[in-house]
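Chemist: Residue numbers (my numbering), protein chains in the order written: chain A, 229 to 364; chain B, 229 to 364; chain C, 229 to 364; chain D, 229 to 364.
Some clues are possibly wrong.
Because identical chains share one entry, a pair is satisfied inside a single copy or across any pair of copies.
[Said to hold, decoys possible] With a straight-line cut-off of 27 angstroms between C-alpha atoms, the simulated BS3-like cross-links for lysine-lysine are:
hint, residue 1, residue 2
1, Lys346, Lys235
2, Lys359, Lys294
3, Lys319, Lys357
4, Lys359, Lys319
5, Lys294, Lys346
6, Lys357, Lys294
7, Lys349, Lys235
Since the hints were derived computationally from the structure, they do not count as laboratory data.
4 protein chains.
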Amino acid sequence: MIIRETKIRVCYGDTDKMGVVYHGTYARYFEIGRNEWLRSFGITYRNVEEAGIVWPVRNLQITYLKPAYYDDLLTIRTIVQDLPLLRFHIKTEIYNETGDLLCHGEITLISTNPQTGKPVKTPQWLIEKLKFLDQT
Amino acid sequence: MIIRETKIRVCYGDTDKMGVVYHGTYARYFEIGRNEWLRSFGITYRNVEEAGIVWPVRNLQITYLKPAYYDDLLTIRTIVQDLPLLRFHIKTEIYNETGDLLCHGEITLISTNPQTGKPVKTPQWLIEKLKFLDQT
Amino acid sequence: MIIRETKIRVCYGDTDKMGVVYHGTYARYFEIGRNEWLRSFGITYRNVEEAGIVWPVRNLQITYLKPAYYDDLLTIRTIVQDLPLLRFHIKTEIYNETGDLLCHGEITLISTNPQTGKPVKTPQWLIEKLKFLDQT
Amino acid sequence: MIIRETKIRVCYGDTDKMGVVYHGTYARYFEIGRNEWLRSFGITYRNVEEAGIVWPVRNLQITYLKPAYYDDLLTIRTIVQDLPLLRFHIKTEIYNETGDLLCHGEITLISTNPQTGKPVKTPQWLIEKLKFLDQT
């Protein structure tokens, strides 16, 4: 299991008239967490696409426990349990500065060939990169 | 079970570099469906708030089956099975113009007092409005 | 001068914690106005792209006079003074239901070849379509 | 003249089907620049609001020169020439990692009483804070 953390500051545009972060904004926060999780391995999702693969979202699930407010510095914790072979799952938790768990969720991605739209195995070199760093 | 439908046209800002609607955009589409579902009863979520109640999102779940593209005219089908008493569930399905089911999901809302943050029963007059139209 | 109008309903996700529509949301509303302006000629921006042209934004200017609120039904008035030859300007005004002018602005687009990134003349067939309807 | 810089990483949700950052997304980037400009003085816009003042946007202007791409690390340069007394102007420039100027613009804010909606002078303590750091 690999855990990575990144921070995001809530801006005005992320909030809604209830005075808190709009529930739909969290999909973006989750994405930022995944981007930085991948970057921690020395690769980016841009590299994945350059390798001829896309990872469209198959399922998104978020449970909201407490609100986040404007200017909060949030911690996005990204938790990956399985290697991105074909279909894989990424868990995300978001905390505020006082350590409260604000929401948690899971996203399912499917490694896909953008030309055919069919599932495709992640190339070995990418797997190796992720495996290697798994052991450190 | 009450079903209501509304339409939305995909704009450029809803898409991402994969050439399709960004997965996070659907939370907004689902919300638009709920707004119009409520309007079909002659009330709006603004009325709910004026009655001293908010309906924050407790859980969001979306399964993505096929992509939506720029300029697609989508049909948002909102399916409500239980009256909004305390905790209630709203199902949503989105279709494109050829009738393909693009995604389906469910959102859980909790009727809440915005001052205390505690769950609170939906007032009777609001329930009656929703009941009345249920029978038509 | 061609004027077209379309309507948009403000959703929760469009607002911010000041209780009004976030100023950045209006770029999206302006875009929706342009999309419907083009559709009124029987073409869509998708057709423009299929003809091998893109219209990236060169300049955006918005003056905000009054706020828009959740659930307001806004009228987007799109005003086009020059044919989309190379560089062209589209004015937009947004009104609420009581007829108040909420904001006005202008966007400048440049007809561009997406491969070279260079300005390119809009093809004659597209110009003709826009001219034809100008006279009706 | 006070200049502050902050960084932002472009996420997928910021892009559109042209493969670049959606032009409307920049309003959000500009806002993040202003937030961090203010934070560099030891205050936040949350403090401004707690002091009974809001700074709604009166005018927004952006000129787009070059596109930003997914995963680009952008530098947001915020340039403030006048103290936020009543009506004040904030310039913003955005650069990519190779130092290209991608866009520049200006936003005009009006110090406002949220109850009356009337312009109101920024309180002296806030001015002093901004003045003090101006000299360092």
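Chemist: Which of the numbered hints above does this structure break?
Modeler: Hints 1, 2, 6, 7 are the ones this structure does not satisfy, whereas the remaining hints hold.
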